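4 protein chains.
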Amino acid sequence: MPLNSFDVMRIPTSAPGDVSGLLALISSGALEPQSILAILSKTEGNGGVNDFTREYAVVALCNALAPRLGLAPREVESRIAFVMSGGTEGVLSPHLTVFARRPDVVGANVGEPRLSVGIAKTRDFLPEEIGRDAQIEETAKAVAAAMRDARIDAASDVHFVQIKCPLLTSERVTEAAARGRRVVTASGYASMGYSRGASALGVARALGEIGADVGEAQLMKDWSRYSLVASSSAGIELMHNVVILIGNSRSSASPLRIGHAVMQDAIDLQAVMEAFESAGLSALDSRSQDRLVNIFAKAEASPNGAIRGLRHTMLDDSDINATRHARATVGGLIAGVAGTGAVYVSGGAEHQGPARGGPVAVIARA
Amino acid sequence: MPLNSFDVMRIPTSAPGDVSGLLALISSGALEPQSILAILSKTEGNGGVNDFTREYAVVALCNALAPRLGLAPREVESRIAFVMSGGTEGVLSPHLTVFARRPDVVGANVGEPRLSVGIAKTRDFLPEEIGRDAQIEETAKAVAAAMRDARIDAASDVHFVQIKCPLLTSERVTEAAARGRRVVTASGYASMGYSRGASALGVARALGEIGADVGEAQLMKDWSRYSLVASSSAGIELMHNVVILIGNSRSSASPLRIGHAVMQDAIDLQAVMEAFESAGLSALDSRSQDRLVNIFAKAEASPNGAIRGLRHTMLDDSDINATRHARATVGGLIAGVAGTGAVYVSGGAEHQGPARGGPVAVIARA
Amino acid sequence: MPLNSFDVMRIPTSAPGDVSGLLALISSGALEPQSILAILSKTEGNGGVNDFTREYAVVALCNALAPRLGLAPREVESRIAFVMSGGTEGVLSPHLTVFARRPDVVGANVGEPRLSVGIAKTRDFLPEEIGRDAQIEETAKAVAAAMRDARIDAASDVHFVQIKCPLLTSERVTEAAARGRRVVTASGYASMGYSRGASALGVARALGEIGADVGEAQLMKDWSRYSLVASSSAGIELMHNVVILIGNSRSSASPLRIGHAVMQDAIDLQAVMEAFESAGLSALDSRSQDRLVNIFAKAEASPNGAIRGLRHTMLDDSDINATRHARATVGGLIAGVAGTGAVYVSGGAEHQGPARGGPVAVIARA
Amino acid sequence: MPLNSFDVMRIPTSAPGDVSGLLALISSGALEPQSILAILSKTEGNGGVNDFTREYAVVALCNALAPRLGLAPREVESRIAFVMSGGTEGVLSPHLTVFARRPDVVGANVGEPRLSVGIAKTRDFLPEEIGRDAQIEETAKAVAAAMRDARIDAASDVHFVQIKCPLLTSERVTEAAARGRRVVTASGYASMGYSRGASALGVARALGEIGADVGEAQLMKDWSRYSLVASSSAGIELMHNVVILIGNSRSSASPLRIGHAVMQDAIDLQAVMEAFESAGLSALDSRSQDRLVNIFAKAEASPNGAIRGLRHTMLDDSDINATRHARATVGGLIAGVAGTGAVYVSGGAEHQGPARGGPVAVIARA
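If you read the sequences in order, they're chains A, B, C and D. Just so we're aligned, residue 6 is where the first sequence starts under our numbering, counting upward by one. Just so we're aligned, residue 6 is where the second sequence starts under our numbering, counting upward by one. Just so we're aligned, residue 6 is where the third sequence starts under our numbering, counting upward by one. Just so we're aligned, residue 6 is where the fourth sequence starts under our numbering, counting upward by one.
Since the hints were derived computationally from the structure, they do not count as laboratory data. No experiment lies behind these values; they were computed from the predicted model shown. Cβ coordinates follow ideal geometry from the N, Cα and C atoms, glycine included. Honestly, I wouldn't trust all of these hints.
Claimed, not checked - Listing some non-contacts, in silico: residues in chain B with all C-beta distances to chain A over 12 angstroms:
| id | residue |
| --- | --- |
| 1 | Val24 |
| 2 | Thr93 |
| 3 | Asp138 |
| 4 | Ala150 |
| 5 | Arg255 |
| 6 | Ser256 |
| 7 | Pro260 |
| 8 | Gly341 |
Said to hold, decoys possible - Here are some, though not all, of the chain C residues that point toward chain A, as calculated from beta-carbon distances under 8 angstroms:
| id | residue |
| --- | --- |
| 9 | Leu30 |
| 10 | Ser32 |
| 11 | Asn55 |
| 12 | Ser175 |
| 13 | Glu176 |
| 14 | Thr179 |
| 15 | Tyr194 |
| 16 | Asn309 |
| 17 | Asp322 |
As the list claims (entries may be wrong) - The calculated BS3-like cross-link candidates involving lysine-lysine, where the alpha carbons are at most 30 angstroms apart (straight line), are:
| id | chain 1 | residue 1 | chain 2 | residue 2 |
| --- | --- | --- | --- | --- |
| 18 | A | Lys226 | A | Lys146 |
| 19 | C | Lys226 | C | Lys146 |
| 20 | D | Lys146 | D | Lys226 |
| 21 | B | Lys226 | B | Lys146 |
| 22 | A | Lys226 | C | Lys146 |
| 23 | D | Lys226 | B | Lys226 |
Whole structure, please, built from the sequences with the hints as guidance.
Now the structure itself:
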């Protein structure tokens, strides 16, 4: 069976609409447009309900790639999985991470599992399905499809499952009400948490981390149910879930591999260093930093208002949302280890790792 | 010559007006009210112009200590140096650090310099003096006085000089204008930077880090002029500078010592670890964390908009001030090493360490 | 039966802790400390969970009044009803409104009902009682007591009922959870809405605006149930409800009277003008503005996301809370009619007037 | 000489990228794409440095109009003048205002001046030219060109001059520094004020409101120099100034006319009513509201920190920028008179009307 080869490229951006770095890679021949499977991006909005930088970035990427793929701009979104995560607080630096797949590569796997990526998406949800069982179930199906797409058989070879999921706006709430349906919450900001949490439980179900009996009754209530590899981001720009599943596979000829660890809380420096080591890097060694491709982590304000017994004030701040605080502070820690602010730290880790903490994955050149 | 003994206590607070932890220490006999020299605090406001948590905390502390010192509340401020630094973004946890001095201790210095603290203050400034030569000069004089107070002779034994300095408000700007005087900037938020910067140049001049020719002409312009040990915080609640100078002295019988390092940028994990080691601790060793008393650091959004060549967005964010971003992100890194969020990270490092970075000092039990 | 006389004074403040205007009125003999019944204040915080300007203002007022009342600072709060409403966005100007009552006045009622004020308070609530039936019931009882205190018999003579009510913090949520109790919401900001809404339903029940069958089942759901004269503000500084009830009574010898109207939405200029006229003033006549004592209004972001069919963006703004938007924008309209920014506009009008709008009351010299 | 006919259409938008209302008007035949001269828009960003909704809206409009104009998307911007003003705080509702011109209309002027619009633009500025004499001069030239384009001879027939102008970002400041040039301010947010102010002085110079001797020496210092009809908005998306000049002309066959008044401060209800009447409408008459096309106003936080002698807190708020406060609060007043939130209120009125106030213009059907 022929192998897939995967490459992952990290490209700094100068603004949400900046595609110049991507186009330069294409022009130089380093990146074949047809090979682009997915683009994960950190954009510089507030990461909240009215963060339009995510949508704008997708529009700009579609406009740029459409002529190079022979597609209309709208068709690009069906072909490539886009996950734009808003919020580059603190030292975080806006950038794109491009995942490229070349199928049927001549060559052989080096004898150990190497980086492999699969994508899938769900159908569109109704507003009242967001943060409920329907979203959990459809996500679980999509995760299974993405595993097949990545040619990964064992859940233990899955190291990071990034989901993009929808949120509720005033308009969507009103639209559901007009049909006599109640949504899970009328608050747009709160709906982001429900949607991220339901998506994470969907991952956990697909990977066997929770049983089929865990569903919306546990959502946002029972924090002992979670996935150790799920990462979800909510955005205004879509009504379905997009799944990008990353792991290692013997069907891959990639020069890269991925590993992960789980932060127990927002100041878990040891876990960040472990994640580095799980990908074959040596934390605190600056030569290792050269082999780093990117880090992917979730940040969360501990829901009980304390970290290692000491109070934090993120949840009671009515000026800055807790997700912005969390990205800034966890971003500082991870950037310190990585030696760069161009890392992917996303806020809101509901059911993504243990309460207070979250997964952290590292892709590195082997 | 009899020795001074110094103790430093870190006390979590549940709100800006919370003095219960302080009073419990006094009741238990662990802290003698008469011995309190200075209180440094992280309060949970925005750290900006309209952060009244600093002023409120001082009022609460004065009210609580007045009967125990036999003073009126207003007199307490003349006796104890208060520095309230607003802003506990991210994992930072509100707390007080109390510096206590007992003079004429029977006993002997252990043969190596130990923690010693001195305090001083300047006269009140006029609004138009803030961020100008007058503030630099008066601060330099006060730093020299604080060194004498701490019985420290050599500048190399000074490891941290914390200054509390005033800021401009609309009212103060208008008052100066009514007298025909122009202030350095009409923006309250911008004035905080000027005041912090002038204070830091005052420290640098007193410690011989810059020559007497460096003054307001270089202020906020020539970032190559700075102090490696200055830390200044601006607040609405005073019109003079308060100086708390911390170092090691052979005149001290304290069980504590202080060391410091200098962060070259906001993600300089190595410098944070060095600071730990300079105080005799071993970074990444959790037993060392038990001997930690507190860390004191300055956080800054790199003024050129980039960290190690990659763009950050802190300076262009019109929703969250750069100082809030900086405290959150540097706080995350330092808390990761310290294993606690109850660390003193203060924003705005103008002329406090190299542009982009800042000093980080560690007090530990020897 | 002897009459009560009431006076109402509006005093600008220069900061949350500023009591100089109040003390000047006392020194001048214009205000007798013993006569102070209630103080309503607009303070310049964010009006959200972590707005400590409210608590700080109360501390400052208690410290200032205690020696003048021969009480300890803590006892002042039992004697005087304090309602601090945070948030002076836009043109709103921080100020105190002092309500003074002199009993047993020699003189006679002028033959028409005149301003009368009564106060009362509930017991402390448990965290899990906030936003539930217990809060509604206890508030209704306190409103009835305040009517008696104001010597007002008919609900139609009640024109404004201001309530100060508690909110939930992370700590309070955790404390309840430790006792096995679930609070109505874990979000501090959201709890403010529940608490305000339950308080308003309590007013409505006491005044016969809703039946006894309306309770927590309708709270935050059925917006057709409301009081036309309730105004509630949530704050971190208390755990009980404080009621200040204002109306007209023939038992009053006051030179003042109060009237009110109901804004149907946030741009209801006509209702603001009607409220002026209901108090005997002529809107758009600047001489009338001289007889104005103060205006009291509630501001709300229309919950369906639209005003007169056009979308607003207050509810979807993740940078600024909707209550801050609402105070700024309704404050602009009311200040335009009043000719001054020192008006009392408070945010969050859940069950206080029709959804989208809220009550607006005017006190004027007759 | 043949006449021009002008139409102005106000179109609500559901998001920054929403062009559906515009396309519906085109499809229905009500709007001829070739006739579009300018589009002024209120978009729902923060109106600050990192407000990308302005740029995104322009991209969306260009993409939508390009095929209908037979142009490439980038060419649309050269043909149509776009002014996107960010910030729909409070009751303000996001919308587009489309100005359409049909030349050589058969018909006659009705015997009185009617609405006429002209556009022009300057060359691109260097970062160091922003907020300096070069920007003032080039703007004055462009205003003169726009008057000719509008066929307006007398300055007294000019009622509103909208300018879109650039701002400084960290990158632009750094680029200038690399060439050895100092920009007027290193703060992106502050640069917006300089750019708006210089643009307004350019208008004032072109219309003879100030002499040629007034320039950068007076900019942001001498508030007695201003234009009564200038309105400028700064944005990240351009480096030149765009001018849209609106007045009445006998060369116009439009069914519309424009009038204006000048608000003396942010609560000047009388001026808003006067502006209505200057356009032939009757304020407070709801039938008049039906003939209203749109209102255009500038909002400003009074620079001396007070309105009619009472303190406001907009300038000292480190959580919300003063321009956001000002739009929300002035928007509330204007929407109250207009009966709709879909009005154009733009923040930052430096040299645009007297300090504290600003111009307010009304377009109405005659």
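Inset, instruction - Starting from the hint list further up, note which numbers the structure goes against and sort them upward. - result: Violated: hints 2, 8, 9, 10 and 22.
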